Amino acid sequence: MNPLLIIPHYLSWHYTDGILGFYSVFKNFLWFLWNFFSIEALTKTLFSSFLKNRGFRMIGFLIRITVILLGLIFISLFIILGIICFITWLVLPFLIFAILAISLWALFNFQEI
Amino acid sequence: MTFLELQNKTSTFFPIILTEKYIPHQVRKKIRFWSMILVFIFLILMIISSSQSIGSLLGISSHVFVFRGALFLFLDIWLIFYLLDLMFFSFYFRENPPMDFEVAEIVYKTNLKDVTKGFIDSKSGANLMTRLGISKKDIEDFLKNRKNTVTTSEYYVIENDDDPYVTLSEYIRSIIHFDIEFLKFLERNNVNAEIFKEATNWVARNQRRIRDSESWWKKENLQRVPSFGKKWAHSQTEYLESISHPVFEEISYRNIEKKIRLYENEVKQIEKIFLDEMGANIIIVGEKNYEALDVVLSFGKEIEKGTVNFDLEEKRIFILDSVGLNNLINNEDKEYVKEKLKTIFQQATKAGNIILIILDLPSLVINAHSKGIEIADLFKVTLDSPKLNIIAISDNKGFHETVETDFDLMKHFKKIMLPKYGSDNFFCFLENEISSIEKDYKVIFTFQAIKFLTDNAKSNEVINIINRVAKFISSKKDRALIKKIDVEKFIT
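As they're listed, the protein sequences go chains A and B. So for the first sequence, the working numbering puts the first residue at 2; every next one is plus one. So for the second sequence, the working numbering puts the first residue at 283; every next one is plus one.
No lab work stands behind these hints, which were simulated from the structure alone. Given the structure is predicted, the values throughout are model-derived calculations rather than measurements. Quick reminder that beta carbons are idealized off the backbone N, C-alpha and C, glycines included. If a hint is listed, it holds; no wrong ones were tucked in.
Simulated crosslink set (EDC-like; lysine to aspartate or glutamate; CA at most 20 Å straight-line): (1) B:570 to B:546; (2) B:501 to A:41; (3) B:632 to A:41; (4) B:597 to B:502; (5) B:501 to A:18; (6) A:28 to B:494; (7) B:501 to B:558; (8) B:312 to B:722; (9) B:597 to A:41; (10) B:541 to B:715; (11) A:45 to B:593; (12) B:395 to B:422; (13) B:405 to B:720; (14) B:500 to A:18; (15) B:669 to A:41; (16) A:28 to B:496; (17) A:28 to B:377; (18) B:554 to B:494; (19) A:28 to B:593.
To be clear about the criterion: a stretch of chain B counts as covered by chain A if any three or more of its residues have a C-beta under 8 Å from a C-beta of chain A, and this derived list gives those stretches: (20) 300–308; (21) 359–367; (22) 494–502; (23) 505–511.
Partner residues are not named here, just some residues of chain B that face chain A (Cβ under 7 Å, in silico): (24) 350; (25) 354; (26) 355.
Given the sequences, and given the hints that come with them, work out the whole structure.
Here it is in structure tokens:
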């Protein structure tokens, strides 16, 4: 059996199940960030007392709103990153060959790239 | 399922069988690791050589293009092997496969004339034989001297259940059903069918666990990461705290870490029940009350560490004080009792993240009954609330005599029966421990060695003995396999 057969099988996976897998992992991470920053739980208790002390309500509000905003910023950045990664994923097999060619050229021609 | 049918179904895994044949997963992992190291080395060299002053000083400024080329080359290699591993995991964990990947790999490589050899030559086969303490030489002699072989046309998988999915355990166990000579060879090596079956399960579970832990991007693994901010999402519980205390104030809570793995399955069951149904209530029934309480404490510890599902991370566990609760119930004024409990439970419900623990439910039921109170009525608000969970604890005797017969009460609870923690359960609990000890000391325990320990040593001493044996054998440096005879010395 020819080991080069891996290449067509890989390419077939990359553009079918690979894309579905990419989407699934992207969704997992979005879900992870949403929960990691406890956005839902903090929103529900935004105006509750803080650290068992009713007097700290305002401090609690500020801390919670800061974490919520931080979480939303991370999620937005992750969505942008996800779009960039998806576009990269589409051209990745070609990119690998391009990087390989450039690196070998740089190594053996010994010239600035 | 016949061998031919199995063969046809292996096509599901063909791309990764092919990849595994030429570049196995372990090799890919090593290549990825070393190429990443080289990427960092060449990155540093490139930065240094780009700097006029340091580069000239070290005399490497003229090599900047070589470093750059090498950096991209190793980055490319890393990327290629990373993508191959992504493909591997995508196929390995694909939905509704016909069989375990390990089965497909064995079937694909098996010669039509010899099913047993196909298995023995596989990674899973080699792994199992090592775990059974059978040497390579003995296996070679057996393969060379046997009179008959089982052909693929004679073999079929004897499945344990109606599920057509073929597990590695089912495949391997079917081999000894057809290959009597192989079974006799195993028996000559002190491996009977039962030991073979249990060791097979162990090997199969181990392989699955390793793959599971490697796929960190899966939801099951991501949800175990402690979240940020859930601790700040709490509200008041001072009334509740007048008749209860947080789980971390329980004395045995401090030492529960050592037992967590023993109750891993039960903690997972609790998680599942709470995730499936908001406000679900559970009754944990153990041989003794303290065993059931240990499960709750383990669950509490997992919440504290943030290693439970995200949706349960903010939960707070309060243990109702038995004396305080019984004293309250003993009060002559029934309306006062009901009002008092109502106030407490309303606050707990409002908090929205409370799990109440009732210690020894049968005693509470009996006491309340003697005062003419039905517990189901008294706790009605909480038992029906989707915002409050109750975990009741009971011993076997009390459960069967008092609680199980109270249908009004039982309809509110999902039941978790704790098994008797005999050697089989204990073996499962030890699997994780053994893996990490083997990794630390670079040794391998045979199945018989561990089985002997779980059957003969006191449960609280087993881990300690395993550690001592592993340390002793690893210090000898002439071998890595730990057999039954090695552990026997440590017990006697």
